[in-house]
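Enquirer: As a plain string of letters, each chain reads:
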Amino acid sequence: MAVVKLQRPKLNFGEKIYFGALIKGFFLTMSHAVKSLRGKSVGAETLASSGLGVTMQFPEQRWDSHLPEYYRGAPALVTDEQGRERCVSCQLCEFICPPKAIKIKPSEIPSDDPWAKVEKRPLEFDIDMIRCIYCGMCEEVCPEQAIYLRKDYLITGLKRADMVHDKKRLYEIGGVRVGLVNKWNELK
Amino acid sequence: MSDTPSATAELILPKDLAAGKGMVNVQIDDIWHQFPKGTRMIEACRQAEITVPHYCYHPKLSSPGNCRMCLVQMGMPPRPAPGQEPQRDENGYEIIGWMPRPVIACANTVGENMGIRTTGDLVEKCREGVMEFLLINHPLDCPICDQAGECRLQEQSVQHGRGVSRFVDMKVKKPKNVDIGPRIRLDDERCIMCSRCIRFMDEVASDPVLGFTQRGTHTTLTVHPGRLLDSNYSLNTADICPVGALTSNDFRFQMRVWFLKETPSIDVNCGTGTNITLWARGNKLHRITPRLNDEVNSAWMPDSHRLNFHYIDSAARLTEPLSRSVGVSPTSFSPTPWPTAIAQSAAKIQSIPAAQTAIIASGRMTNEELFLTHTLAAEIGTRLLSLVPRSGEADKLLVAADRNPNTTGAKLILGSENPYSGLAFIRDGVRDGSIKSLIVLGEDIITDAGFTADDLGKLDFLLQTSVLANPTAEHAHLVLPSAAFAEKRGSMVNLSGRLQRLNRAVELPGQAHDDWEILRDLILAISGGKNEVHHIEDVFKALAENVPAFNGLTLSKIGHQGTQIADTGYQIPLLANERARKAAGLING
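Keeping their order, the protein sequence lines are chains A and B. For the first sequence, the positions run 0 to 187 when numbering that gives the first Met the number 0 is used. For the second sequence, the positions run 0 to 588 when numbering that gives the first Met the number 0 is used.
One chain only, chain A, in its complex shape:
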């Protein structure tokens, strides 16, 4: 690699004693303070501020409508447009999960079920949200597009057990996703 030699800037006396810069900074801070008191902070509008600066008064005020498309919140299971649970309990997410938050117990789909040909589904699917680090590896590894990181970020509980999302809860959060996986449909 080429070495670039930088020339140190030559400072004049005023800059060397840096007192001027302190004054400058002080005025800048004060101007922002005045702006925020007048409710005219930069970005106050877009960030839905409480009126005092850009600070949002959580939990009365929420940022939910501002969440970007790519926001990664709690992982959840989804069903497809026909109401089939997409997860086939291949346990790849359990395997890849860095903090080992996922625990799956697979089971066979009984032969009288309309989706009997899928053969396999989770009997239990637990994600321990105390352990989850929201890395999204489970979503990335899923071969059936069954697990997604949704926008839920407010995961609280009074007990450790409250923080474990079971299969029912995961489907509540996840909802329905359409498209992408057609291999179990009649079309195949």
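Do not rely on the hints blindly, as some may be mistaken.
Claimed, not checked - Listing some non-contacts, in silico: residues in chain B with all C-beta distances to chain A over 12 Å: (1) Asn65; (2) Asp145; (3) Asn248; (4) Gln253; (5) Thr262; (6) Ala342; (7) Thr381; (8) Ala393; (9) Ser420; (10) Gly551.
As the list claims (entries may be wrong) - Here are the simulated BS3-like cross-link-like pairs (lysine-lysine), alpha carbons at most 25 Å apart as the crow flies: (11) Lys175(B) x Lys116(A); (12) Lys119(A) x Lys167(A); (13) Lys119(A) x Lys166(A); (14) Lys166(A) x Lys170(B); (15) Lys170(B) x Lys104(A); (16) Lys175(B) x Lys182(A); (17) Lys172(B) x Lys116(A); (18) Lys170(B) x Lys182(A); (19) Lys283(B) x Lys99(A); (20) Lys581(B) x Lys36(B); (21) Lys158(A) x Lys104(A); (22) Lys119(A) x Lys36(B); (23) Lys260(B) x Lys119(A); (24) Lys119(A) x Lys581(B); (25) Lys283(B) x Lys104(A); (26) Lys260(B) x Lys99(A); (27) Lys39(A) x Lys23(A); (28) Lys175(B) x Lys119(A); (29) Lys172(B) x Lys182(A); (30) Lys36(B) x Lys104(A).
I should point out that these hints are in silico values taken from the structure, not numbers from a laboratory. Note that beta-carbon positions come from the ideal geometry of N, C-alpha and C, so glycine has one too.
Given chain A, work out where chain B should sit, using these hints.
Expert: Okay, now just chain B, sitting in the frame of chain A:
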């Protein structure tokens, strides 16, 4: 050229060197090796540590050569014109003329001065082509397929497959989830027609119920009409199936294989001592598969033995020492701490004269445990020590009539020709009241040894160690929980005199103790000595010093394939079949 003939005449050619040993020279990927005449090319490559991908080839089965995955490039020296000397390189090997078309490595044998190329454009193209054809109709089942993670098709797709399919037509549909037998499930769409299962059932299990019907892409594996794949060896077909076409009902959807930890061990259901691999995740054993040992079980095992492990974490499992509350009806047991239980047992044993004490041990105990039992009997001073015989019907393959795995070990350690002989005497002794104290180690003597509840009621003291709750334990004064076969280390000697090792795959449940620890504690409590035995290795060391057959051995010296320590003359029938087929050149072995 004038000095060349004389130079070669003086030089001993490599082909003559090899021929003297009954070998041939083969060049594999530019390196010369020597192999015995008649070796299959694929075996030669394996010995040279070069993997040739294959599906249908199995060293223990015949080679029909129908998967075409093992295609390699072959070359032989060109035949010289009349009067022409063969051309040789500086080492005396003839120059190889490479053939333009590939050959299958599984069904061709090596020849003198042969060349094999397992890499290169031709071979790579062949493999890619074969893989593409195999994957044309293969379903996208990997997420629900039990074979995923140990599937040859998956492995070789990574190396030789295309990323995307070029196939635009509809895939051929075949029966899925077919119930072809009590223990095996068939998925025909996944089948790649390697015919390993068909050959296994025909050649090894001698129950040819499987076969192909239809032709071309519609070829379907089926079971003979009116028959089921219900042989006691049917689960071996799931082991050798390179894809997920045949899967085990017992293991189906239980756990993905990449979570499982493998532990080499041996089977304890009969005297054959089949070598097995225990597959466990965490503290749960999920499946058992046979482990290759050409001196014991080849690559196979019976289903009845393979599936007999679910009791290990059943509800009947004993997890803490129990002592029977005296004078309470109906009988009730209360948990007791180990030191108390051992001290109570020792006190009781010492309070009853040695002549009225007997020990019933088990042929399922390891050598180490039997040795300590022998020591315990000597410590108590009783000569009444017997094992409980357990026999069943022998099949003509791997299941032995003697269903105790360590009869030979018991004979060597207890120094008796028939370690079961004393049982009737002990039973009579208990009945007529001359035996007042009975120590039962790992056996259920009501179910297996002809004792009745009334007999046991006459005893002043009955101590039992057991894995599971059982009828005998109901009458015991003290029940000590011990270790199941997958939870302990130790060694056993099979019927043909081979010393083999058990290994621990899962931890003991609750407060259960290893059998040898229970025996050691009992011996120490009775003798009042200082403990000098801290590891199972110490027990084996004492055993090796005291029993001539074990002299000079340690647990680690036994090795995963076992060590022959006695000549009993017992022949495992399956091995005799296999050796005959190998001698006839049908298999590679």
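Enquirer: Does each hint hold? Answer for all of them.
Expert: Going down the list of hints, with the structure as the test:
no.	hint	result
1	Asn65	holds (28 Å)
2	Asp145	violated (9 Å)
3	Asn248	violated (10 Å)
4	Gln253	violated (7 Å)
5	Thr262	holds (20 Å)
6	Ala342	holds (41 Å)
7	Thr381	holds (50 Å)
8	Ala393	holds (36 Å)
9	Ser420	holds (50 Å)
10	Gly551	holds (45 Å)
11	Lys175(B) x Lys116(A)	holds (8 Å)
12	Lys119(A) x Lys167(A)	holds (17 Å)
13	Lys119(A) x Lys166(A)	holds (15 Å)
14	Lys166(A) x Lys170(B)	violated (34 Å)
15	Lys170(B) x Lys104(A)	violated (32 Å)
16	Lys175(B) x Lys182(A)	holds (15 Å)
17	Lys172(B) x Lys116(A)	holds (13 Å)
18	Lys170(B) x Lys182(A)	holds (12 Å)
19	Lys283(B) x Lys99(A)	holds (18 Å)
20	Lys581(B) x Lys36(B)	holds (14 Å)
21	Lys158(A) x Lys104(A)	holds (23 Å)
22	Lys119(A) x Lys36(B)	violated (50 Å)
23	Lys260(B) x Lys119(A)	holds (23 Å)
24	Lys119(A) x Lys581(B)	violated (42 Å)
25	Lys283(B) x Lys104(A)	holds (13 Å)
26	Lys260(B) x Lys99(A)	holds (17 Å)
27	Lys39(A) x Lys23(A)	holds (21 Å)
28	Lys175(B) x Lys119(A)	holds (13 Å)
29	Lys172(B) x Lys182(A)	holds (13 Å)
30	Lys36(B) x Lys104(A)	violated (53 Å)
Going down the numbered hints, you'll see the structure goes against 2, 3, 4, 14, 15, 22, 24, 30, while the others check out.
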